[in-house]
Amino acid sequence: MSRRSEVLHLSASFIGFLFVVPPVLTILLAPLSGHLSDRTGPRLPASLGVIFLSLSLLVGTLFKTDSPWLLPTIMLALSGVANGLFNTANSVGVINSVPREDRGFASGTLHLMFGIGNVSGIALG
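For the sequence shown, numbering that gives the first Met the number 0 assigns the number 0 to the initial residue and increments by one for each residue that follows.
Note that these hints are calculated values from the structure, not bench results.
The structure presented is a predicted model; accordingly, all values stated were derived computationally and were not measured.
Just so you know, even glycine gets a beta-carbon here, dropped at the ideal spot from N, CA and C.
The calculated label-pair distances, taken between Cβ atoms and stated as ranges, are:
| no. | residue 1 | residue 2 | range |
| --- | --- | --- | --- |
| 1 | Glu-100 | Ser-12 | 47 to 55 Å |
| 2 | Thr-64 | Val-97 | 46 to 54 Å |
| 3 | Lys-63 | Val-118 | 29 to 37 Å |
| 4 | Pro-22 | Leu-43 | 20 to 28 Å |
Just need the whole structure built from these sequences, with the hints factored in.
Now the structure itself:
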């Protein structure tokens with residue numbers, strides 16, 4: 000049994016469900032962030048993403064061993080919102096900063112870096 004389940008007194012399946020919250024929110028908000036980036040440019044959604052990530056980290060500082068399960072859920076939800084808003088807008092900003100004829104290569108390089116980061120994070124983490 001994991002430390003999280005021992006400390007929070009929750010089942011492993013319930014904790015697994017809590018970890019589904021961020022990717023679901025990311026999936027739901029990414030298209031909205033893309034639409035907002037098309038209308039206003041990438042700065043607004045990227046800035047909102049940074050604000051939500053900051054709020055998530057702030058909520059994380061409130062954790063104690065006897066914190067209710069809702070507190071980590073709020074932190075995870077805020078981080079999912081942050082990822083959904085920031086990642087899409089950041090990609091738009093990177094791709095738009097490259098000349099049109101090089102955007103395919105830039106997009107491929109950007110996603111290569113995402114892949115390397117994911118694999119490295121798993122290997123090192």
